[in-house]
Amino acid sequence: MVEYLTHTLGLSGTLAWTIAAVVAAVLVLNVIAGGALVFIWAERKVAARIQDRLGPTRTGGRFGWLQSLADGIKLLAKEDLMPDGADGLLFKIAPYVSFCASFCAFIALPFAFDVVGLRLNVAVFFVVAVLGLEVFGVIIAGYASASKWSLFGAMREAAQVVSYEVPLGMCVVVPVMLAGSMDMVTIAEKQAGWFWNWYLFHDPFTFVVFWVYVTCAVASVNRAPFDLAEAESELVAGFHTEYSGLRWSFFFMAEYGSMFLVSGMAAVLFLGGWNGPIPIATLLGWSEGTGESAHYLVRLVGLANLIGKATLGVLFMMWIRWTLPRLRIDQVMTTCLKYCTPIAAVMFAGAMLWQVLLPGGLMPGVGRPGGEVREGWLEGPGGRAVQAPAPPAVAEIRP
Amino acid sequence: MTLPSSVVGDLGVLGVAFLPLAAINWHSVMFLLFAAVACLAAVAVVAADNVVRMALYLVVSLAATAGLFFLAGAEFVGAMQLMIYVGGTLVLLVFGVMLTAQAPFVAIKSEGGDRVVAGIVGAALLAALVLAGLSVPAWRQPASMHAPPPAATPLGMALVGVRVDAAEGPGVIGPRVGYLLPFEIVSVHLLVVLVGAAYLARAKRRKVPRPIDQVASVEPPASVAAHASIGRGERAGSVLTGGSA
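Chain order of the listed sequences is X and W. Take the first sequence: its letter number 82 is residue 82 in my numbering, and every next letter is one higher. Take the second sequence: its letter number 243 is residue 243 in my numbering, and every next letter is one higher.
For the record, the hints were derived by calculation from the structure and aren't laboratory data. If you're wondering where the values come from, they're calculated on a predicted model, not measured in any experiment. Each residue gets a CB set at the ideal place from its N, CA and C atoms; glycine is no exception. A couple of the hints might just be wrong.
Unchecked claim - In silico lysine-lysine, DSS-like type, Cα no more than 30 Å apart, as pairs:
| no. | chain 1 | residue 1 | chain 2 | residue 2 |
| --- | --- | --- | --- | --- |
| 1 | X | K45 | X | K74 |
| 2 | W | K109 | X | K92 |
| 3 | W | K109 | X | K148 |
Stated by the list, open to error - Rough simulated footprint, nothing fancy, chain X against chain W, three-plus residues with beta-carbon under 8 Å:
| no. | region |
| --- | --- |
| 4 | 129 to 138 |
| 5 | 179 to 186 |
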């Protein structure tokens with residue numbers, strides 16, 4: 001995009017970079033805000049159907065699809081309350097801390113090939129690091145509210161964070177090891193082709209690791225059965241008991257944004273990223289070389305694939321939320337530390353051994369081992385060949 | 001009066017008549033912005049009274065430092081900064097919350113003499129660091145903007161013992177040794193610390209019960225048991241009589 005602006009429109013480099021950055025930021029913001037609108041409506045409908053109800057039916061027509069908008073207007077019009085004993089600065093800053101962390105992590109998430117806010121060399125690491133910052137908002141909110149319920153919620157969140165971060169990091173390392181890169185674009189590229197190239201089906205170990213990742217991801221976004229920070233039946237509303245109106249909705253936008261983010265990350269790391277289960281684009285011959293329209297069509301299909309997978313992930317989390325009862329805090333810590341961590345560690349070692357002993361998979365003819373050339377997918381915009389990630393220079397170790 | 005075409009293009013798009021945007025080095029502007037945030041937050045850490053606010057300012061300061069790393073193109077170091085320092089401050093924040101939650105918002109006032117001593121020590125350290133930084137001639141030159149972005153791969157390879165980035169040539173003697181041994185030592189050290197922490201933190205199971213546990217586990221004397229049963233019977237009786245009356 002920067003190239004387009006500088007070469008076609010003749011803008012200077014700085015201005016082009018600024019415009020590109022603003023466009024990317026606005027798009028990401030829209031993904032979070034628009035996604036929250038859709039997902040909150042979907043959550044109501046899913047919850048209702050699971051509980052044998054109808055959910056919203058009236059607002060905006062047959063399926064109540066304007067319900068989220070009505071809720072949003074209600075939240076905007078609500079009075080912004082702050083308890084007398086609250087620490088004003090911290091109370092006000094906490095929702096923005098949560099939201100900023102969720103927003104920043106989206107910068108490095110690729111939506112399709114080259115459709116990424118900023119292609120980082122260490123994207124996976126960056127996303128995990130930034131997602132960990134979301135907790136600050138929760139703990140600060142719980143402390144600053146000067147309420148016992150809020151403080152309990154914040155302390156539970158702190159205990160939960162230290163338990164899920166370790167296994168989450170271990171799960172994320174497995175696809176990084178298989179791809180040999182922390183660049184999310186590269187990781188998704190390596191899974192191109194039919195769905196058996198996805199890292200989910202790479203070997204039995206990665207299949208197990210994926211489910212450990214799902215468990216930890218649900219814990220990391222504070223969704224039931226891990227929603228101890230806002231246990232409605234015990235702590236009123238946990239850390240956001242004292243929040244109302246727009247500040248409260250920022251917490252929720254952050255939560256739904258993070259849900260979409262961890263689902264998108266699961267899609268990129270394990271489910272092939274923007275590569276569909278069936279390589280339609282390749283079968284139809286829409287590679288980069290066939291022309292400008294095909295070039296954009298491929299991106300569009302990839303975008304639809306990734307957003308579809310991430311949405312499925314979010315729906316899966318909703319299904320879990322309305323199916324499973326909430327765990328106690330000691331059960332959360334047991335699940336994460338005593339079960340998820342050893343399982344992830346063993347599976348990591350297993351995946352490593354598999355990669356060493358059976359690099360071609362069980363059926364070497366079917367799957368494509370390692371990183372081969374992916375039918376023109378590595379061709380960047382404007383015919384510029386995107387530099388493939390250099391393979392680890394093991395061959396030149398010893399002179 | 002004529003302006004360079006690039007400047008005219010910028011002005012036309014932005015509608016700004018007086019500010020030559022193209023003349024500003026935006027990299028420096030961003031650097032100054034992040035540096036100012038980091039410094040102000042660092043001062044605020046010292047000046048604040050509340051422990052939790054101090055921890056928050058520390059987070060802001062460290063995050064701005066991570067921003068400086070990202071600005072310099074060192075993404076891995078920046079992400080490390082976020083993960084280790086900012087994430088580590090989380091524990092500090094939790095301790096602050098736990099310590100001050102009983103009496104909310106306790107103010108920690110430092111005395112005048114302490115402030116003077118701390119100011120002198122801090123100023124001396126700052127002066128020493130600035131002088132040391134300025135004494136390296138290579139650091140005075142601005143880094144090349146067109147250098148290839150540093151990747152994390154050479155770093156990882158160096159940690160497992162292969163320096164793929166080391167210079168190769170006739171002057172270099174021996175194999176390009178990485179940092180496998182220090183890496184392993186640090187890993188084992190951390191593992192030992194982790195095991196030790198887990199051992200200290202786990203609930204103690206005593207093989208020999210304490211005297212107080214033994215007393216508690218003894219059956220109550222017959223008089224106490226009789227008294228308790230009388231009480232239960234009385235209450236049940238009163239409820240019954242109350243209900244019948």
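For this session: With a cut-off of 30 Å on the C-alpha distance, tell me whether W/K109 and X/K148 pass.
Result: It holds: about 26 Å lies between the C-alpha atoms, which stays within 30 Å.
Problem set entry | Coverage of the region 179 to 186 of chain W by chain X (three or more Cβ within 8 Å) | Answer violated; 0 residues pass the 8 Å Cβ test.
Exercise. Straight-line Cα separation of X/K45 and X/K74 no greater than 30 Å?
Worked result: Satisfied, since the Cα-Cα distance of roughly 19 Å is no more than 30 Å.
Exercise. Hey, W/K109 versus X/K92, does the alpha-carbon distance stay inside 30 Å?
Worked result: holds (24 Å)
Exercise. Would you say the region 129 to 138 of chain W counts as covered by chain X, given the rule of at least 3 residues with C-beta under 8 Å?
Worked result: violated (count 0)
Hints 4, 5 from the list above are not met by this structure, while the remaining hints are.
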